[in-house]
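Construct all of the structure, not just a fragment, from the sequences and the given hints.
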Amino acid sequence: MTAGTVICWRHGRTAYNASTRMQGTIDIPLDEIGQWQVEQAALDLWRRHAPTRIVASDLGRARATAQQLADLVGLQVGVDTRLRERSFGEWEGLTAEEIAEQWPEEFAVWQRGGDPKRMGAESRAAVAERFSAAVRELAAPMAHDETLVLVSHGAAVSLGLTALLGLDAVAWRGLVGLHNAHWSVLRASRGDAWPAWRMEAHNVGPSVVVADWNAGVPAENLPSSAADAMRG
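Last residue of the sequence shown: number 232 in the UniProt record's numbering, and the count goes up by one each step with no gaps.
The set of hints was computed from the structure by calculation and includes no laboratory data. Among the hints, a few may not be true.
FRET-style restraints, in silico, Cβ to Cβ [what the hints assert, rightly or not]:
#, residue 1, residue 2, range
1, Asn-203, Pro-29, 44 to 50 Å
2, Pro-29, Thr-81, 43 to 49 Å
3, Arg-198, Ser-123, 22 to 28 Å
4, Ala-96, Val-217, 23 to 29 Å
5, His-144, Thr-81, 44 to 50 Å
6, Arg-47, His-202, 17 to 23 Å
7, Trp-194, Arg-112, 27 to 33 Å
Glycine included, each C-beta is placed from N, C-alpha and C at the ideal position.
Listed below in structure tokens is the structure:
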């Protein structure tokens, strides 16, 4: 079992995030604020954790987020499709209001933590399994002083964390979802302890009020360059 650090980093904001549309596997790029978010977050993440490897989902918003960090630290971005967002089937591109109107019974099941079948979404358990399997495999060769950054998506990270922490696939509701361009920090448990992973920090990002972060308003103490970050 690895003794290194694993960071699960959510991509920056997209137009679908801003309009609260179900994004899923639709390949939406970062918007202007999302690009600003990943620039700020990459500096902060680099300063705190000194990544030694970066692997991203194959979706463009995750790869663009990963590349921002890779350019800072001089690493290549690997790609693993197991880190991609959960598929929401026919709900992708719709708002919650539109889903509730068009799929009332299925939406009620969804809100109770179930997996409605008719709209073709990937099950919570399937997402949790593929994401956690990717983490275990990618982290296995790490040394204790290495840091692996996995760049992924909100639902995928939440569900993957539940599996890694020994929770069932509905228990993700006990975890606050990651804000855009925020991350969770995991460390391996010692020996054969169960669960095999411990959460050291969750929903971490630059010290900016959430409303300002979502609006692209920087805090006065945020570094604006790599040089500033190193001085911090």
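Checklist entry - Okay, which hints does this one fail, numbers in order? => result 1, 2, 5
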